[in-house]
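Engineer: These are the residues of each chain, in order.
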Amino acid sequence: MLNSLLTSLGIDERQWRALVRTSWRNLWRTKSPIGVHAGWRKYRGVAAGLVMYAVAGVLLAVVSATAPSAGTAAFVLLCFLLVYLSSLVLLEFGSSIVSPDDILILAPRPVSSRTYFAARLAIIIVFVSIYGVALGGPATVTFLVRFGPVAAIAWIIAFLAEGTFAALAMVLIYTLALRYAPASRIRTVVGFVQMILSLAIYGGFTVLSKQMPVLFAIAEDRPSWFAVLPPSWYASIVSLAAGEGLVPNIVWAAAAVLAIAALGLFVNGKIALDYVESAAGVAVAPTGKARRSHGRVPRLVRVLRQPEARAIALLIFRQFRHDTKFKMAVLSIIPLTVLYVILGLQQGETITDPFLSDAGREFSGPLLLYFAAIIFPTILKEEISRSDAYQSSWVFFASPLRRGELVVAMRRVITSLFLTPYMIFLGLIFLYFFRNIGHTLMHVAVLFLVCDLLLNLNFLVRPRLPFSTPRTTGSRTSSVIGAMIIGPILLFTVMAIFTNFLYRSYPLYFIGILVLGSASLLLRWALKSRAARVTEALEFMG
Amino acid sequence: MIETLDITKFYGDKEAVKGLSFSIKAGEVVGFLGPNGAGKSTTVKMLTCLIRPTRGTATVAGFDIQRDPVEVKKRIGYVPESGALFETLSSWEYLIFIAELHHLDMKIATPRIEEFLTLFGLWEGKDTRMQEYSKGMKQKVLVCSALLHDPEVLFLDEPLNGLDANAAFVFKEVIRRLAAQGRAVLFCSHILDVVEKICPRIIIVNEGTIIAEGTPEAIARSTGGRSLEEAFSLLTGVRDVEASAAEFLQALGR
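Protein sequence lines, in the order shown, are assigned to chains A and B.
Residue numbering for the first sequence follows our numbering, beginning at 1 and increasing consecutively.
Residue numbering for the second sequence follows our numbering, beginning at 1001 and increasing consecutively.
Possibly wrong hints are sitting among the right ones.
Below, in silico cross-link-like pairs of lysine to any residue (SDA-like), each with a Cα-Cα straight-line distance of 25 Å or less [to be verified]:
| no. | chain 1 | residue 1 | chain 2 | residue 2 |
| --- | --- | --- | --- | --- |
| 1 | A | Lys325 | B | Lys1126 |
| 2 | B | Lys1014 | A | Leu27 |
| 3 | B | Lys1138 | A | Trp24 |
| 4 | B | Lys1138 | A | Ala398 |
| 5 | A | Lys325 | B | Glu1087 |
| 6 | B | Lys1135 | A | Leu273 |
| 7 | B | Lys1126 | A | Leu27 |
| 8 | B | Lys1074 | A | Leu273 |
| 9 | B | Lys1138 | A | Leu273 |
| 10 | A | Lys325 | B | Thr1088 |
Please keep in mind that the hints were generated in silico from the structure rather than gathered at the bench.
Build the full structure now, drawing on both the sequences and the hints.
Structural biologist: Dropping the structure here:
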């Protein structure tokens, strides 16, 4: 059946199978020039991501247990699923759709663009489905217990179908950008697409998290505009199975199937035909703009005093300009940060001087503004350690330098060029609300020290050389979600201690600052020593 | 076998290849030379259908590179300069994969792969992932993958990169014999004495245009040089090798 379907779509079945098999093997066989990942460790990126999705899935299952009907429960869960699975494609596959790793290996082979594209799409859909099972699987129990086995089976079909829809829709957006952007501007266009998608997905996630009761109300009322939301189509499959109304659900369930078929046909059309050529164009063509910038050292880099830090900063800026995947990774974090800043500012009434108000002492401050201060540096650190050009890290092994210094330099660059400007920005916001320059400086000093401490802790736990680890599927999702869960817990705990106890008097405040400062210095010293030990033990095997 | 007419490639504003026209007949081994950035690899990438020419046309094995890229790819073998491979696969897995892509009958492909790997001394490590291979071993796999489907036309971009002396010796003989059987070979290399030995005809490109074409002897004669190496230096801008070397050493001393 699969063979005849592939043939009818103009896909070479034998080549498709070989491509899928090879891509699948490549997904799991991690390669690293500085240590081969063996045993279970090669799966840890994916495993960590799956565990986090499963935890979210359990929470969603609990939420769905309170829904008044099967259709409502399915709609709310499918809204979250759509956002989560879209972010998965955004983080793990966006850059590989635009700039596939294997294009230079396969482009000279007699594989039609359609076959190559279909194989890539199949891998993405399978991967999204695995994560979809982790996320939607736990709720199957809820549907089974509350609405019966037929509704549970329908739920499985619905979430798998919606996962396929999300994967197809995301792939379509990237490939449209690839197809219609002028060759000379393709990196810029793709960067914009990445930012817009990130903003939409993370924005959607934030809105959904804050508006759960509204979601339940919409699903129950079913207003006319409800029909434009894809989760409503897939939720109709569950409604139908649970016997909740026949006619509208049949229409919307049909829309769910048609949406997948339409997207499938669309991507299998002209887009699939030109895909290899467009992707190869991105892979081999240098940009005129990049050539013009050659030789200039960004002014920001010159701010750094240590030569290692300047070298790392230069590397980061140049990678951002030339490495499409690194650029897309960084551009997917910026909207998240911007979103938290905007939402944090919307909580303007909570931005009160913590040295004066009781509200501040209870620490109900602008959490999202603080959150943004840790999310960007943490994820940026992870991104700076990965690159497709990881084999170039031989230079760190062949040069007469202490490799541990490079790790410390990476931390310095993030603190100096990313964390410090954000703290200045926060200082200006606080100054506007506090109207007290002393309190602003004191509060920002605490926040800066806490963020610096967390960043040092992160480097201490996982010291990495810059751009020296290959990108592996699954690792971005786990690091982003990890940063979103662990970072805030630590940050909010320390900030709560300060605002609740130490802001009560200046002596207590200065003792707190002294403790934080000492801890920060201690961690810096520990990082220097550990980074030296860990990196000196590494061998380059590329 | 290979016919190009006014083939041109622009990268943004830069014209990397400027209207190249040349032809290579069946049974010919043609050396394709030029300094770094001359447009050799871009030309090969166009002829192997990796990228589209901005202007001009070309046919390979009778098929237009723009209209029938898949038909062209069925008939060509390509050893890329980049040496790109799926290093997470073993050489055996990789060559089986390539055989699948070329629709080879496994009854023919399997013994052929076995023979190739044995010939190049890779049989013992056939199940080892290629990430553990040396550069020369990876190059041998690339050569095997280019020849596996018995192509009509070969594009070899620095094929001897990293090969040990014995493997290089065998491979040069293989190229000669393949040409004798009627295959066309475009051979790109910077090792001029190798090119001189195995290529009866040479095309030299510089800044995207053909600046010399003919036998190595004829090219040397036309420039007044004593060898192909000297002719190449004269044609591509290094007029005084000794002065250039002295300047380089002076820069080191500054």
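Engineer: It remains to establish, for every hint, whether it holds in the given structure.
Structural biologist: Now the hints, each set against the structure:
1. Proposed proximity of Lys325 of chain A and Lys1126 of chain B is contradicted: the alpha carbons are some 32 Å apart, above 25 Å.
2. Between Lys1014 of chain B and Leu27 of chain A the CA atoms are separated by roughly 37 Å; this puts the pair beyond 25 Å, and the hint is violated.
3. Of the pairs offered as hints, the one joining Lys1138 of chain B and Trp24 of chain A holds, with about 22 Å between alpha carbons and a cut-off of 25 Å not exceeded.
4. Pair hint Lys1138 of chain B plus Ala398 of chain A holds up; C-alpha atoms about 22 Å apart against a cutoff of 25 Å.
5. The hinted pair formed by Lys325 of chain A and Glu1087 of chain B meets the criterion: a straight-line CA distance of about 20 Å does not exceed 25 Å.
6. Distance restraint check for Lys1135 of chain B and Leu273 of chain A: the Cα-Cα separation of roughly 35 Å exceeds the 25 Å cut-off, and the hinted pair is therefore not satisfied.
7. This hinted pair checks out: Lys1126 of chain B and Leu27 of chain A have alpha carbons roughly 21 Å apart, not beyond 25 Å.
8. Taken as a hint, the Lys1074 of chain B and Leu273 of chain A pair is honoured in the structure, with Cα atoms around 18 Å apart against an allowance of 25 Å.
9. In summary, the hint linking Lys1138 of chain B to Leu273 of chain A is not supported, as the alpha carbons are separated by about 31 Å, beyond the 25 Å threshold.
10. Taking the CA atoms of Lys325 of chain A and Thr1088 of chain B, the gap is about 20 Å. The hint holds against a cut of 25 Å.
In this structure, the hints that do not hold are numbers 1, 2, 6, 9, in rising order.
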